[in-house]
Structure formats: structure tokens, C-alpha cells
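Chains as they are written, first to last, in my numbering: chain A, 2 to 263; chain B, 1006 to 1319.
Hints are not guaranteed to be accurate.
[As the list claims (entries may be wrong)] Now the stretches of chain B that chain A is said to cover, found in silico as 3 or more residues with beta-carbon under 8 Å:
#1 1058-1067
#2 1083-1091
#3 1115-1127
Simulated from the structure, these hints should not be mistaken for laboratory data.
Beta carbons: idealized from backbone N, C-alpha and C, even for Gly.
Below are the chains, spelled out letter by letter.
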Amino acid sequence: MTRIIHAELIRLLRRRTLVAAAAGSVLFSVIATLTVFSSAQDSGPRSRRGGTSLAALTDAGGGTEAFAVGASFVGFLVFVTFIALIANEFSGGTFRALLLREPHRLRLIVGKLTGALLVAAAAVGLAEVCSLAMSVLVAPTQDVATANWFSMASLGAATRDYATVFAGVAGWAIFGTTLAVIFRSAPLALGVGFAWAGPFENITVDSWDAGYRYFPGQVLGSLIQGGSAELGIGRATFTALIYTGIAAIATLLLVSRRDVTA
Amino acid sequence: MTNTTGSSTTTALSVTGLTKRYGTRNVVDDFDIDLPTGVVAGFVGPNGAGKTTTMAMLLGLVRPTAGEGSVLGSSIEDPAAYLDRVGALIETPAFYPALSGAENLRMFATVGRHDTSPIPALLDTVGLAGRGDDRYRNYSLGMKQRLGIAAALLGDPELLILDEPANGLDPEGVREMRTLVGDLAGTGRTVLVSSHDLSEVEQVCDWLVLIDTGRSLYQGPTSDLLGGPAHGLVVVAQRPDDHLALFDLLTARGDDIAAQDGRLVLRVNGSDVGDLAAAVNRAAFDAGIVLTELSPQRTTLEDHYLSMVHGGAR
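For reference, chain A alone in the conformation it holds in the complex (with noise of 0.2 Å):
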């Protein structure tokens, strides 16, 4: 398993994809921070789906709260990014050389998985970071105290705004693998993916209060933001291990069960 992590490291740690990630995460923490920063409000919403509030950004985790505010989107582009790289290994041709080297199919799978997360781990982790740097940056331009960001609390809450982001990033890692594993062609199981979570799931929330707690990118987007109104984070996170396990799960028989003629 280690050197499949270790040839997908290969493949993505080149100069050009640090580049853009390290661009991509740097980004994200001025465009997040900016936003939350210039929308909080006096007294905030009680979730973070609707922004935040002043005071939650003078307490503890208010260093990164830009971060776990702003990451619901980072889920999304997660999931499209995993549909594209899984699918094309498909449809290039890329699964079926690689399976002469490694006929373990769920050995193979596992390991392009779990070395791509590696990636996608380091790249939370940095967004976290410049998101952390530029909220000291930009907090006394809206009077904003930072007193409290740099306690054992804060790094607590850091940590916490981290493991739940990346839970709900490896979550829909794991649906964009599914859905390229299932079409094997990137633009259907793209097509596929955005209906499902752009769309579809949007639109019938609003209409649908329930859709926040079953619909799987409802769930996820709660995780994502440690919890929110209409789902606290505990039956975010069991609901989100059940629906990732029954996507790991499609994906292994999947890969195990069909041939591979592409």
C-alpha cells in the first residue's frame, strides 16, 4: 500500500501542483477571510451557514473561523477535482496499466485514495494556516481583538475547525470517487455530480427543511462547519460515516467485480 501512496506522491507533488495549491490556498484564506471579516454581524447566526458574528470572531477559534466558515465551498471543489482525477485514470487508460503492476485492484484504489487525501490534508492544513495569518492581518481593520487567538483554547478549536473540515473534505472525496468509479468517464460523472449537489440538492432544501439532514452534500456541508442549525455536528458526522461508508463500499465491489477494458 505504502509505495502506491508513494507513486501517487509522485504523480501529484510537482512543482506545478504545489504551486497551485499553495495559490489555491492562499487565495481562499484572503477571499474567505475578507468575506467573513466584512459580513459579520453584531449578533451572528447560530450557525456558521449564514456567516458569523462579531463575538465569534473575538473568541478563541475566532483565528480561524474564517477558515471553517468560508471551507463550505473548498468541499465542492474537492469533490469535482477526485471525480476528474479518479475518472480519467479510467477512461486514460492509467487503472488498467497500473493494474499490471499492482493486480490488487482494492489494494490500487485504496492507495491512489488515500495518497491524493495526503495531498488534499496538506492543502486544509495551509489554507488553515494563511487563513490564520491573514485574520491577524485583517482583524484590526475592523476592530476586531485578537486577545484570545493565541491560548491552548484557540489551538484547540483550530484543531477541531481542521479534523471537521477535513472530514467533510475526505467524505466527498470519497462520493467524487464513487461517482468517477461508477461512469469511468469524467464529464458524465462531472454532469452526474453537479445536478446532484449543485441543483438538485439546493433547490429542494429550500422547500425541503429536511433535506439539511439526509441529503449526502447537506450533510457533508454541516461537518464541514463543525455542525450547523439544522444539524448539529454529532448526527452530521454519523449521518456523513453512513452515507461514505455505503459510497467505500460501492466503490470497492466496483472495482473488484468489473473488468477493466478501458
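Using the hints, position chain B against chain A.
Relative to chain A, chain B alone:
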């Protein structure tokens, strides 16, 4: 399927009753193949004959509907037991476009637990020395095919399975690929190469496997199929004006003769082709006719192939 581990080491590949059914159609139908160690086998058949599917089943990519056998002494049910000793290029070469040729090989070697140090030598072997650092997306089709061969050679495999390595190449590329496969033939490996280029197969392969509609038509030494006695003698006069005189002369001798494209072809009819050539040469000389060609005519692989696949009706 039975586990055939421990089968004779003189057999690189032995499969019986191999079948792959999609719906109601048998793409490969009760196919047998038996490949001795060390041969370079040409796998020949028309498009859609089942060559690629057969190779994919041998490589564990496609699950057989039926059949049993072994590759390098291990059951085809357990490809993991032998794939580390098999190198393959199946369908088109598949690499990561953004990586260089050398990076691609390094990645594949890492996945296969192969030594990466021979990569420069492998690139040299396939004629990509100096181009290994170029991105794969910038490679020509011929370079991609050659990189595919280099990847197949990672780990110094005992058995090479190459699926139409010259596919899509220009004539120069085809010639280069023929030379490359010929060179591989000299390394003692067992090679199974599918090809449409019958002249390539005839020149390079010492073993033949002919397939059509998923069924085996012939398998055995190339010499057994092509090495039979000459069935004709080609005679060509130096001066076109002598062509008719030569025809009359040989007809008068009682030879069974036919004119083909400015040449005369005598049917050998069981006599020794050497004796016949000597007699024809003597008769022509006595008649003052100078010959520029006097050569035995044997059935080519193309003749056999067309005869077997189309019943000679092409």
C-alpha cells in the same frame, strides 16, 4: 478452474477452453493456447477476433467466463502470482500526460516494486535516450508506443505480452518497432505479440497463434506452417521479348505454367524444386534466353492467413 501451479517450466503459457461471453456473444470461444518458454509468438487475427480480450484475460484485467490454465506456472485465476514476472502493453499506451517519460516509468516501477535504476538504460533500449525528461503529452505516437515497451520491460519480465505495438505508427515507426521486437526476441524472453503486420510476424516470430471469431485456427512453430516445400517456381526472362518464347519453351517441356504479372510461375507438382530450376535454366540457356529470376515460390503467412480466415475467398 484448477490450479495448475507447478506445470512444466518449458511452458510459459498454457490455457484451455478460455471463453469470454458478453451477453449472448462469445468474444473468445473455447480458446486454447500453449506457448513454450523462449518463443516469440505472433498472435494474428482480424479486428474483433478476440486477441485483446484474450490478452486482457491472461493479464487479469478481464474475468474469463470459462477456461483454465496457467501463466508462468501459476493459475490464471490468480494473476497476482505471476504478473510481477510479466510485462505487458495492452491496447494503447497509457501514461500520465503531465509527467515526463522517465517520471512515468519511475511511478510505474514504484507501484510494481521494481528497481528504478535501469530506467535510463530502458529508455536507451527503446530509443528514447535524451527524451526521457520530455513530458509524455509532447511525445509522438511512436514515442508513446516505445515508452509503453519500456514500461513493459520494467522488472526484467520473463514473459512479454504486447498488443499491437506497431498500431498507428507510420512505416518508419513500424520498421523501428519490428526491429525492437526482434531485439527483444534475442533476449531469451517469451514474447506474445499481436499484430496486423503479417510480414512483421513472419520475419520476427518463430511461433504462431492464429485466431478468428474467438476461436483458435492454428498454433505451432512458424516453420511448420510456412516451411513446407515450394509449390511453384518463378521464372523471369531478362528481355520482355523473350517472355513468350520462354512460355512456349516451357509449355513444350510439359511444365504446368501460368503467367502472372510479367513472370512465369511453374507448378512444382511434387518434383524437387532444385531439379526443376536446374532443368528450366538449362533449357533457357540452350534457347539463348537469359533469366533474371529463378526462385522457389512458397505459401506466405498472408496466404495461409487469408485461406484460414476467409477460406481463400478474398
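Evaluation of the provided hints:
1. 1058-1067: holds (count 5)
2. 1083-1091: That given contact holds, which follows from 4 residues of the segment 1083-1091 of chain B lying within Cβ reach (below 8 Å) of chain A.
3. 1115-1127: holds (count 5)
Going down the numbered hints, you'll see the structure goes against none, and every one checks out.
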